[in-house]
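What follows is the residue order along each chain.
There are 2 protein chains.
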Amino acid sequence: MSADRVVVLAGGTGGAKLAAGMQDLVGDGLTVIANTADDLETLGVHVSPDPDLVTYWLSGEIDEERGWGLAGDSFTTFERLAQLGAPDWFRLSDRDLATCLYRATFMGEGGRQTDAQAQISRALGVAATVLPMCDQPVRTRVSTDEGWRDLQTYLVAEGGTAPVKGIEVNGIEAASPTSEALEAIASAEAIVIGPSNPVISIGPILSIPGLREAIAAAPAPLVAVSPFVGGRAVKGPTELFMAAIGRPSTAAGVASLYRGLIEGIVCDAGDPDPPPEDLAVLSCATLMEGADGRRGLAARTLEFIESGLAR
Amino acid sequence: MSADRVVVLAGGTGGAKLAAGMQDLVGDGLTVIANTADDLETLGVHVSPDPDLVTYWLSGEIDEERGWGLAGDSFTTFERLAQLGAPDWFRLSDRDLATCLYRATFMGEGGRQTDAQAQISRALGVAATVLPMCDQPVRTRVSTDEGWRDLQTYLVAEGGTAPVKGIEVNGIEAASPTSEALEAIASAEAIVIGPSNPVISIGPILSIPGLREAIAAAPAPLVAVSPFVGGRAVKGPTELFMAAIGRPSTAAGVASLYRGLIEGIVCDAGDPDPPPEDLAVLSCATLMEGADGRRGLAARTLEFIESGLAR
Chain Y
0 MSADRVVVLA GGTGGAKLAA GMQDLVGDGL TVIANTADDL ETLGVHVSPD
50 PDLVTYWLSG EIDEERGWGL AGDSFTTFER LAQLGAPDWF RLSDRDLATC
100 LYRATFMGEG GRQTDAQAQI SRALGVAATV LPMCDQPVRT RVSTDEGWRD
150 LQTYLVAEGG TAPVKGIEVN GIEAASPTSE ALEAIASAEA IVIGPSNPVI
200 SIGPILSIPG LREAIAAAPA PLVAVSPFVG GRAVKGPTEL FMAAIGRPST
250 AAGVASLYRG LIEGIVCDAG DPDPPPEDLA VLSCATLMEG ADGRRGLAAR
300 TLEFIESGLA R
Chain C
0 MSADRVVVLA GGTGGAKLAA GMQDLVGDGL TVIANTADDL ETLGVHVSPD
50 PDLVTYWLSG EIDEERGWGL AGDSFTTFER LAQLGAPDWF RLSDRDLATC
100 LYRATFMGEG GRQTDAQAQI SRALGVAATV LPMCDQPVRT RVSTDEGWRD
150 LQTYLVAEGG TAPVKGIEVN GIEAASPTSE ALEAIASAEA IVIGPSNPVI
200 SIGPILSIPG LREAIAAAPA PLVAVSPFVG GRAVKGPTEL FMAAIGRPST
250 AAGVASLYRG LIEGIVCDAG DPDPPPEDLA VLSCATLMEG ADGRRGLAAR
300 TLEFIESGLA R
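So the protein sequences, as listed, match chains Y and C.
In terms of numbering that gives the first Met the number 0, the first sequence opens at residue 0 and continues consecutively.
In terms of numbering that gives the first Met the number 0, the second sequence opens at residue 0 and continues consecutively.
Honestly, the hints are just simulated from the structure, not real lab data.
Backbone N, C-alpha and C fix where the C-beta goes; we use that ideal spot for every residue, glycine too.
Don't take every hint at face value.
As the list claims (entries may be wrong) - From the derived model, a few chain Y residues whose C-beta atoms are all more than 10 Å from chain C: (1) D27; (2) G43; (3) S142; (4) I166; (5) G209; (6) A216; (7) P220.
To be verified - Now the stretches of chain Y that chain C is said to cover, found in silico as 3 or more residues with beta-carbon under 8 Å: (8) 65-76; (9) 102-115.
So that you can see chain Y by itself, here it is in the shape it has in the complex (with noise of 0.2 Å):
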């Protein structure tokens, strides 16, 4: 066999290297369900950070040196916009603000994410599908030694450096999967959570009420890919928010946090705490380096699942 239909959770830039590996394999059959409790209002647009980094990726106008944002993108609009006094912690460049502009207005008018995000990955030849992990607002906040705040705030605005010790994810038990989501997971060959943050990309979507359920229930194997290469995580704030609830930052420690939901997990070779032996594993180099790497990682994965999960 050979799965024509997968479907990734995703969060920021590991899982959404990975969808683009993905996308290489298996184009349109594709579905990103992506997390959207990192998104926020700022500047009068609707940001949805992890939608469109995967979306970008996808696209191909990822700025792949970075990780982040669109490549050559300038901002003229955002550095006027800050010239007039609005706030300027959470840059957006001209292309990317066009984005949430664009969300913002299509949302406002009583449009669903999940319809504007179809139409912005249309627009931008995206050939996988792309879904907020919901419709309804959902979002972290976090606190510190400091108190609560928003996530983004936590991490643009104060750097996310400080220890994390709490962390709530507002509106989650008002929110319920799209038919999208909900199709797209019954009808996937392989589902597969990427390698992003547990804690705050995949924690949240597989926090909505009937999502992990579904994937429970959907009879594709479901494996995850930790996002730790050599017991670190390759980017971003992941290990600050693994030591919050008390998992170490090792393919352990993810698997300890998927435990009774993933039958495999993929790690890297480099892990220093490697999953208990109940669970199949593939060890492999995990740490994915320009197009082949991306397409590298997603092979073995599929290979893994469709050999019936052998180690």
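Fit chain C to the supplied structure of chain Y, relying on the hints for placement.
Then chain C, alone, in the frame of chain Y:
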């Protein structure tokens, strides 16, 4: 005497240019009351074409060659919005879009348009005070053989060439002068109706309940500057709108609209149809070429007022 406190009523290019000349003479003693019946919501932002045009002339950022828009600005965000499928009939350059997005956000949070404009003017280093004519939404609509539509749809989307059959100013009954406008009018030493479209630019300002009365009651002399040079509009669809209300595009036509309100009129020496004898008239060259031309017309207008409207 020499007027230190001047109020100019303005719409688009002509009024804005005279305001720029006046600012050169009286600096922060100038208050411009700008028409907002041209405003529109598009692309998720609030465009205020006349106040913006005035502001860009006063900040020195205007594209003088073209007569509107910001000199040397790019269209990156707009072009991306259009790529995403947003309506593209009303083009906004990047810095202009920033102004309009800032205003939309400010007003969306419950702020007054007057306060949004004050912040925009301050940020752009404008010495004069620019006041939207009111803080309530007022929108001009026009009818042609094709029926009724918003003014900007007629002017921009359709090119503004079809004969105008009817004009209505929606929302004008519910509008009221701002305290800032009333204070500027009451304390002015000279009030000038700028050389803007008398029908769709000056007309709405004077139609705000209470504003015409406040101007009539003000101690300052009130003069109009005719927008017609040699019996033609310098720019824009003014002639179509004068024809729609059955008036000639001449100084006499303008004077007939402001009858009972103005004490004098500045009109072009080449006007084929001078104002009636009972009005104080300054006949001179009124075409404003370059900064000297703008300052010159502003100076002649002030001297005319200061001379006690001697012909």
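Here is how each hint holds up against the structure:
Against chain C, the non-interface label of Y:D27 holds: every CB pair exceeds 10 Å, the least being about 20 Å. At the 10 Å boundary, the C-beta of Y:G43 falls inside the reach of chain C, the nearest C-beta of that chain being 3 Å off. No Cβ of chain C comes within 10 Å of the Cβ of Y:S142; the nearest lies about 27 Å off, and the non-interface call holds. No beta-carbon of chain C is positioned within 10 Å of the beta-carbon of Y:I166; the least distance is around 28 Å.
The non-interface label for Y:G209 is consistent with chain C: the shortest C-beta to C-beta separation is roughly 31 Å, beyond 10 Å. The Cβ of Y:A216 sits about 36 Å from the closest Cβ of chain C, beyond the 10 Å cut-off, so the non-interface label holds. With a cut of 10 Å on Cβ distances, Y:P220 stays outside the contact zone with chain C, its closest approach being about 36 Å. Here the segment 65-76 of chain Y counts 4 residues with a CB under 8 Å from a CB of chain C, which clears the bar of 3, and the coverage holds.
Counting residues of the segment 102-115 of chain Y whose CB lies closer than 8 Å to any CB of chain C gives 3, so the stated coverage by that chain holds, three being the minimum.
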